[in-house]
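A.B. asks: Kindly produce the complete structure, drawing on both the sequences and the hints.
2 protein chains.
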Amino acid sequence: MQAEIISIGDEILIGMTIDSNAAWIGNSLTHLGINVYQNISISDTKDHILKAVDEAFSRSELIIVTGGLGPTSDDITKQTLSDYFDTSLVKNKSVYENIENFLATRGLEMNDNNVRQADVPEDCKVLPNALGTAPGMWFEKEGKVLISMPGVPYEMKYIMQEHALPLISNFFNRPAIKYRLVMTFGTFEAKLAEILEDFEKELPENVSLAYLPTSGIIKLRLTGRGDDEDLVDRILQEQVDKLYGIIPDLIYGLDGVSLQGVLGSILKEKNLTLGIAESCTGGSLSSMITEIPGCSDYFKGSVIAYDNDIKMELLGVRGEDLEKHGAVSREVALQMARGVRKKLETDFGLSTTGIAGPGGGTEDKPVGTVWIAVSSKEGDFAVKHNYAFKRMNNIRRASLAAMSLLRQKLV
Amino acid sequence: MQAEIISIGDEILIGMTIDSNAAWIGNSLTHLGINVYQNISISDTKDHILKAVDEAFSRSELIIVTGGLGPTSDDITKQTLSDYFDTSLVKNKSVYENIENFLATRGLEMNDNNVRQADVPEDCKVLPNALGTAPGMWFEKEGKVLISMPGVPYEMKYIMQEHALPLISNFFNRPAIKYRLVMTFGTFEAKLAEILEDFEKELPENVSLAYLPTSGIIKLRLTGRGDDEDLVDRILQEQVDKLYGIIPDLIYGLDGVSLQGVLGSILKEKNLTLGIAESCTGGSLSSMITEIPGCSDYFKGSVIAYDNDIKMELLGVRGEDLEKHGAVSREVALQMARGVRKKLETDFGLSTTGIAGPGGGTEDKPVGTVWIAVSSKEGDFAVKHNYAFKRMNNIRRASLAAMSLLRQKLV
Chain A
1 MQAEIISIGD EILIGMTIDS NAAWIGNSLT HLGINVYQNI SISDTKDHIL KAVDEAFSRS
61 ELIIVTGGLG PTSDDITKQT LSDYFDTSLV KNKSVYENIE NFLATRGLEM NDNNVRQADV
121 PEDCKVLPNA LGTAPGMWFE KEGKVLISMP GVPYEMKYIM QEHALPLISN FFNRPAIKYR
181 LVMTFGTFEA KLAEILEDFE KELPENVSLA YLPTSGIIKL RLTGRGDDED LVDRILQEQV
241 DKLYGIIPDL IYGLDGVSLQ GVLGSILKEK NLTLGIAESC TGGSLSSMIT EIPGCSDYFK
301 GSVIAYDNDI KMELLGVRGE DLEKHGAVSR EVALQMARGV RKKLETDFGL STTGIAGPGG
361 GTEDKPVGTV WIAVSSKEGD FAVKHNYAFK RMNNIRRASL AAMSLLRQKL V
Chain B
1 MQAEIISIGD EILIGMTIDS NAAWIGNSLT HLGINVYQNI SISDTKDHIL KAVDEAFSRS
61 ELIIVTGGLG PTSDDITKQT LSDYFDTSLV KNKSVYENIE NFLATRGLEM NDNNVRQADV
121 PEDCKVLPNA LGTAPGMWFE KEGKVLISMP GVPYEMKYIM QEHALPLISN FFNRPAIKYR
181 LVMTFGTFEA KLAEILEDFE KELPENVSLA YLPTSGIIKL RLTGRGDDED LVDRILQEQV
241 DKLYGIIPDL IYGLDGVSLQ GVLGSILKEK NLTLGIAESC TGGSLSSMIT EIPGCSDYFK
301 GSVIAYDNDI KMELLGVRGE DLEKHGAVSR EVALQMARGV RKKLETDFGL STTGIAGPGG
361 GTEDKPVGTV WIAVSSKEGD FAVKHNYAFK RMNNIRRASL AAMSLLRQKL V
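Here the protein sequences come in this chain order: A and B. Take the first sequence: its letters are residues 1 to 411, numbered as in this note's numbering. Take the second sequence: its letters are residues 1 to 411, numbered as in this note's numbering.
A couple of the hints might just be wrong.
Pairs count within a copy or across copies, as identical chains cannot be separated in the list.
[Claimed, not checked] Calculated cross-link-like contacts (lysine to aspartate or glutamate; reagent style DMTMM-like; alpha-carbon spacing at most 25 Å):
{"#": "1", "residue 1": "K343", "residue 2": "D321"}
{"#": "2", "residue 1": "K384", "residue 2": "E269"}
{"#": "3", "residue 1": "K46", "residue 2": "E61"}
{"#": "4", "residue 1": "K191", "residue 2": "E313"}
{"#": "5", "residue 1": "K365", "residue 2": "D297"}
{"#": "6", "residue 1": "K191", "residue 2": "E100"}
{"#": "7", "residue 1": "K201", "residue 2": "D47"}
{"#": "8", "residue 1": "K46", "residue 2": "E197"}
{"#": "9", "residue 1": "K91", "residue 2": "E194"}
{"#": "10", "residue 1": "K377", "residue 2": "D228"}
{"#": "11", "residue 1": "K219", "residue 2": "D233"}
{"#": "12", "residue 1": "K270", "residue 2": "D309"}
{"#": "13", "residue 1": "K144", "residue 2": "D10"}
{"#": "14", "residue 1": "K270", "residue 2": "D198"}
{"#": "15", "residue 1": "K268", "residue 2": "D230"}
{"#": "16", "residue 1": "K377", "residue 2": "E313"}
{"#": "17", "residue 1": "K144", "residue 2": "D47"}
{"#": "18", "residue 1": "K365", "residue 2": "E109"}
{"#": "19", "residue 1": "K178", "residue 2": "D44"}
{"#": "20", "residue 1": "K93", "residue 2": "D112"}
{"#": "21", "residue 1": "K390", "residue 2": "D297"}
{"#": "22", "residue 1": "K242", "residue 2": "D10"}
{"#": "23", "residue 1": "K157", "residue 2": "E11"}
{"#": "24", "residue 1": "K342", "residue 2": "D309"}
{"#": "25", "residue 1": "K201", "residue 2": "E109"}
{"#": "26", "residue 1": "K270", "residue 2": "E197"}
{"#": "27", "residue 1": "K46", "residue 2": "E189"}
Honestly, the hints are just simulated from the structure, not real lab data. Computed from a predicted structure; not experimentally measured.
C.D. replies: Spelled out as structure tokens, the structure:
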């Protein structure tokens with residue numbers, strides 16, 4: 001069984017938008033054990049849409065189409081699909097009400113364009129969109145399926161996760177392919193591959209290992225195949241346990257959890273509070289921590305001390321140490337962590353100070369030099385990292401490293 | 001004249017790699033006035049490559065192929081193209097020397113795989129690759145061109161910029177297609193389309209308008225076509241000016257700039273400083289501001305006051321107002337903005353307080369309710385927004401809205 005992905009929109013062809021949807025969908029289908037034959041990006045024209053859909057239907061059982069469902073006149077996907085499936089657009093009451101509610105909660109009224117969005121092909125199943133005005137649509141023809149969704153990534157992902165993926169899983173019956181993700185942080189891919197060389201050689205025949213690095217975090221994906229789903233699950237769990245034995249410090253969690261999520265769970269469980277002092281990470285560390293719903297149970301707040309005066313006045317960093325050692329130093333990182341812990345009256349203080357770049361580097365302290373510190377009643381601890389990436393990546397690595405350091409101190 | 005892009009690699013289909021190459025190439029071709037008909041991602045199989053290349057050749061004058069040129073055995077693009085163009089692989093001395101040098105400067109010696117990379121189809125023009133071992137290749141057939149390059153983005157970009165784009169520009173002689181992007185924030189696509197209905201109707205025949213929404217920011221793309229490049233530029237500029245007349249508050253910049261970049265430029269130019277007090281945005285607003293290199297010229301720091309005690313102690317928010325109006329209120333937003341401005345001794349204070357969700361909503365203040373305030377010597381100002389998205393999107397919108405409000409107060 002195979003699937004194809006069609007992305008509609010001139011903005012993709014002229015390179016104004018990178019088509020991240022196709023990768024996300026390809027990944028989701030792969031997880032369901034469905035082979036993606038190809039993905040194609042085409043223009044917003046009726047002829048091109050009809051041609052791509054017709055060719056895909058001739059080859060594959062599942063077609064996923066994104067884009068061209070907005071309220072404006074250049075969005076012609078819905079009418080074109082309605083023609084292709086030989087049906088017609090009719091006003092859909094529940095879609096109308098969803099659009100009305102969606103706009104009402106934002107203090108907006110429906111205009112003609114929105115009203116037109118409530119017209120849906122008569123023969124399709126509506127996949128409700130709680131995050132926008134264009135619904136998803138599920139068409140069936142000769143035992144094959146076409147799903148059409150808006151191209152806005154979070155709307156597409158919502159419709160896929162809430163509606164389309166469960167329906168696909170049900171409609172098509174596939175042999176078991178199971179995945180486990182082992183989440184690691186703290187080393188480089190080549191180094192990790194060296195450590196895990198023997199582990200990989202000893203894997204059972206029906207299990208494979210892949211490295212999925214994404215700026216700092218390396219996911220180890222174990223794929224197991226077989227007819228007995230429970231047996232595959234058990235075999236994968238054995239391999240996960242084995243990995244924990246080999247790289248206990250590097251593994252921070254399983255199956256797609258985030259470092260901030262794991263850290264939050266530990267803090268919550270231990271009933272501990274956290275305050276943060278950021279310099280080079282400029283809010284990125286705090287924003288990761290506050291991605292987690294309910295983080296107010298353990299996260300009290302932060303001081304982003306970009307300016308040295310603020311390091312001194314709000315965090316109590318000593319001027320003489322700033323002078324002597326510079327803002328990017330063990331001494332200043334430790335004083336920031338201690339200072340924020342005392343100021344915000346938290347159990348733990350976590351700090352970052354470094355040179356994110358592109359400017360500000362020196363021979364002694366090149367761009368990417370970062371000091372990270374943790375402070376608690378039990379004592380203070382600082383560590384230095386040397387990244388040599390571009391600004392945004394240095395900031396991200398430093399934020400991850402700070403969370404990783406705190407996690408290791410907590411477990 | 002039209003072009004097509006073919007990306008080869010299973011890693012794209014299963015979603016491990018987002019195909020950013022296609023967007024970059026699409027953008028480069030568009031700037032040369034070449035229309036991209038479609039781009040397609042396919043698997044590393046000979047049949048699929050031959051089918052895609054043959055179909056593209058039947059339609060389009062220029063085919064750009066990336067991927068499948070690495071040293072490992074699953075990289076079969078070169079042999080397949082050699083077969084397609086009915087030629088054979090021969091050892092290329094200059095390619096061999098380039099690989100040898102490339103490896104030598106990294107302390108490596110050539111292995112068998114590298115030696116094979118020096119075999120190149122006899123009838124193609126080599127496009128040297130200074131950043132890797134796989135060369136680019138330029139094939140011609142019946143007045144049409146196919147270019148094959150490695151899929152590693154920086155190698156592909158090097159070969160395109162140094163060799164392929166100048167050759168393409170020379171080989172094909174094209175009328176100009178020009179684009180302008182007008183960046184807007186502050187309303188929804190349907191609403192914007194309503195406001196711009198007359199503008200769109202009155203557009204000159206050779207100019208078209210498209211809406212490109214991405215969670216809050218809507219880019220308006222104007223496309224102009226014609227033989228005289230300067231004339232097209234002038235016509236587009238007239239339309240840009242007209243848009244500024246219709247939606248002056250919504251437009252924050254042109255041609256892909258970010259709100260944080262624009263805001264930073266204004267603050268720097270006016271020699272003003274900024275302090276931030278965040279509650280619901282939890283560091284996201286500050287992290288956007290600090291994305292900009294050199295932001296320390298105007299950004300002093302932030303207080304992330306997730307906890308009400310910190311709102312009181314560090315920002316001077318009155319306990320009685322927290323009690324009476326709640327943390328998500330005009331009063332508290334104003335006191336936070338004023339408080340951080342005084343505490344950090346900056347010209348401007350900017351604050352956010354709201355309910356990011358998923359929990360914490362009430363009937364009066366549902367999830368997505370956000371108050372934003374600006375404070376300066378000239379006075380204080382607060383505004384309320386009702387978003388009703390998921391947590392991360394509410395946080396993003398609130399951060400963008402805060403920057404947008406400050407921008408409007410500054411210009």
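A.B. asks: Would you mind marking each hint as holding or not holding in the structure?
C.D. replies: Verification of the supplied hints:
1. K343 <-> D321: both (19 Å within a copy, 23 Å between copies)
2. K384 <-> E269: For K384 and E269, neither the intra-copy (29 Å) nor the inter-copy (35 Å) Cα distance is at most 25 Å.
3. K46 <-> E61: Classified as both: same-chain Cα gap 22 Å, cross-chain 22 Å, threshold 25 Å.
4. K191 <-> E313: Close neither inside one copy (42 Å) nor across copies (47 Å); limit 25 Å.
5. K365 <-> D297: between (37 Å within a copy, 20 Å between copies)
6. K191 <-> E100: Classified as between: cross-chain Cα gap 14 Å, same-chain 54 Å, threshold 25 Å.
7. K201 <-> D47: between (47 Å within a copy, 24 Å between copies)
8. K46 <-> E197: between (49 Å within a copy, 22 Å between copies)
9. K91 <-> E194: Result: close only across copies, 21 Å inter versus 60 Å intra.
10. K377 <-> D228: So K377 and D228 fail the 25 Å test inside a copy (51 Å) and across (70 Å) alike.
11. K219 <-> D233: within (18 Å within a copy, 46 Å between copies)
12. K270 <-> D309: between (34 Å within a copy, 22 Å between copies)
13. K144 <-> D10: between (27 Å within a copy, 23 Å between copies)
14. K270 <-> D198: Close neither inside one copy (36 Å) nor across copies (61 Å); limit 25 Å.
15. K268 <-> D230: neither (32 Å within a copy, 61 Å between copies)
16. K377 <-> E313: both (22 Å within a copy, 22 Å between copies)
17. K144 <-> D47: Cα proximity of K144 and D47: in one copy and across copies (21 Å, 24 Å).
18. K365 <-> E109: Classified as between: cross-chain Cα gap 20 Å, same-chain 56 Å, threshold 25 Å.
19. K178 <-> D44: between (35 Å within a copy, 18 Å between copies)
20. K93 <-> D112: Within. Shortest intra-copy distance 16 Å satisfies the 25 Å Cα cut-off; inter-copy 66 Å does not.
21. K390 <-> D297: between (34 Å within a copy, 20 Å between copies)
22. K242 <-> D10: between (46 Å within a copy, 24 Å between copies)
23. K157 <-> E11: Close inside one copy (19 Å) and across copies (20 Å); limit 25 Å.
24. K342 <-> D309: both (18 Å within a copy, 13 Å between copies)
25. K201 <-> E109: between (62 Å within a copy, 23 Å between copies)
26. K270 <-> E197: neither (36 Å within a copy, 58 Å between copies)
27. K46 <-> E189: The answer is between: 22 Å across copies meets 25 Å, while 44 Å in one copy does not.
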